[in-house]
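J.: First to last, the protein sequences are chains B and X.
Each residue of the first sequence is one higher than the last, beginning at 1 in my numbering.
Each residue of the second sequence is one higher than the last, beginning at 1 in my numbering.
Hint data in this document are derived by calculation from the structure and do not stem from the laboratory.
Where is the CB? At the ideal position from N, CA and C, for every residue including glycine.
Keep in mind that the hints are not guaranteed to be accurate.
[What the hints assert, rightly or not] Here are some, though not all, of the chain B residues that point toward chain X, as calculated from beta-carbon distances under 8 Å: (1) 43; (2) 44; (3) 46; (4) 102.
Letter by letter, the chains look like this.
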Amino acid sequence: RKEVEQDPGPFNVPEGATVAFNCTYSNSASQSFFWYRQDCRKEPKLLMSVYSSGNEDGRFTAQLNRASQYISLLIRDSKLSDSATYLCVVNMNSGGGADGLTFGKGTHLIIQP
Amino acid sequence: EAGVAQSPRYKIIEKRQSVAFWCNPISGHATLYWYQQILGQGPKLLIQFQNNGVVDDSQLPKDRFSAERLKGVDSTLKIQPAKLEDSAVYLCASSSQLNTEAFFGQGTRLTVV
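Turn these sequences into a full structure, and let the hints steer you where they fit.
T.: Pasting the structure below:
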């Protein structure tokens with residue numbers, strides 16, 4: 001089965017620092033990419049979609065490298081409230097309808113005061 | 001806009017018993033997913049519907065799990081008989097189109113004892 005791989009961490013980062021996560025995917029035909037955030041005992045929530053040209057939303061920047069088949073998430077000026085698990089999600093569907101939104105195992109981030 | 005509704009929130013059953021979970025997706029969303037999330041792991045896709053048709057059920061343990069979405073709206077996921085390793089959070093998600101960003105319900109936390 002096609003896979004999405006993430007470094008599980010945990011990443012222990014001081015407040016105010018910059019932290020970056022990478023995620024690799026196996027299906028070169030994948031079309032859609034997302035980062036989700038999941039707090040403890042809560043459901044995953046969409047953080048941002050990832051576009052080919054890269055995109056930014058406040059302190060968060062996502063980039064896609066199709067040639068190397070990885071996506072990244074950069075968090076600047078980290079806040080205590082950024083502590084969560086960050087899930088990389090890839091649409092593995094290459095048009096045939098199978099292997100839909102596939103999640104990585106998540107990267108656990110802990111922001112320390 | 002109302003989100004994805006799931007019930008029950010919690011369920012405790014004995015092994016070999018049966019259990020059913022219910023999901024009502026966001027109004028107008030054609031795609032519905034059921035995911036299983038075991039503690040410490042990312043969500044694993046069990047089944048994906050497009051309207052009332054199954055798009056992907058390759059990771060659904062069909063000897064004990066079944067799911068339906070008869071009228072293309074609500075969906076139920078059933079486990080019969082349950083095993084200890086089925087203890088997990090069962091997440092329902094929906095999206096407006098196949099494999100675009102998905103929105104999750106709060107999940108059903110199942111404990112099999």
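J.: When the nearest CB of chain X is found for residue 46 of chain B, is that gap smaller than 8 Å?
T.: holds (5 Å)
J.: When the nearest CB of chain X is found for residue 44 of chain B, is that gap smaller than 8 Å?
T.: holds (5 Å)
J.: Take the shortest C-beta to C-beta distance between residue 102 of chain B and chain X; is it under 8 Å?
T.: Where the cut-off is 8 Å and the nearest Cβ of chain X is about 7 Å from residue 102 of chain B, the hint holds.
J.: Should the hint that residue 43 of chain B touches chain X count as held when the rule is a Cβ pair under 8 Å?
T.: Nearest chain X Cβ about 4 Å off; hint holds.
Going down the numbered hints, you'll see the structure goes against none, and every one checks out.
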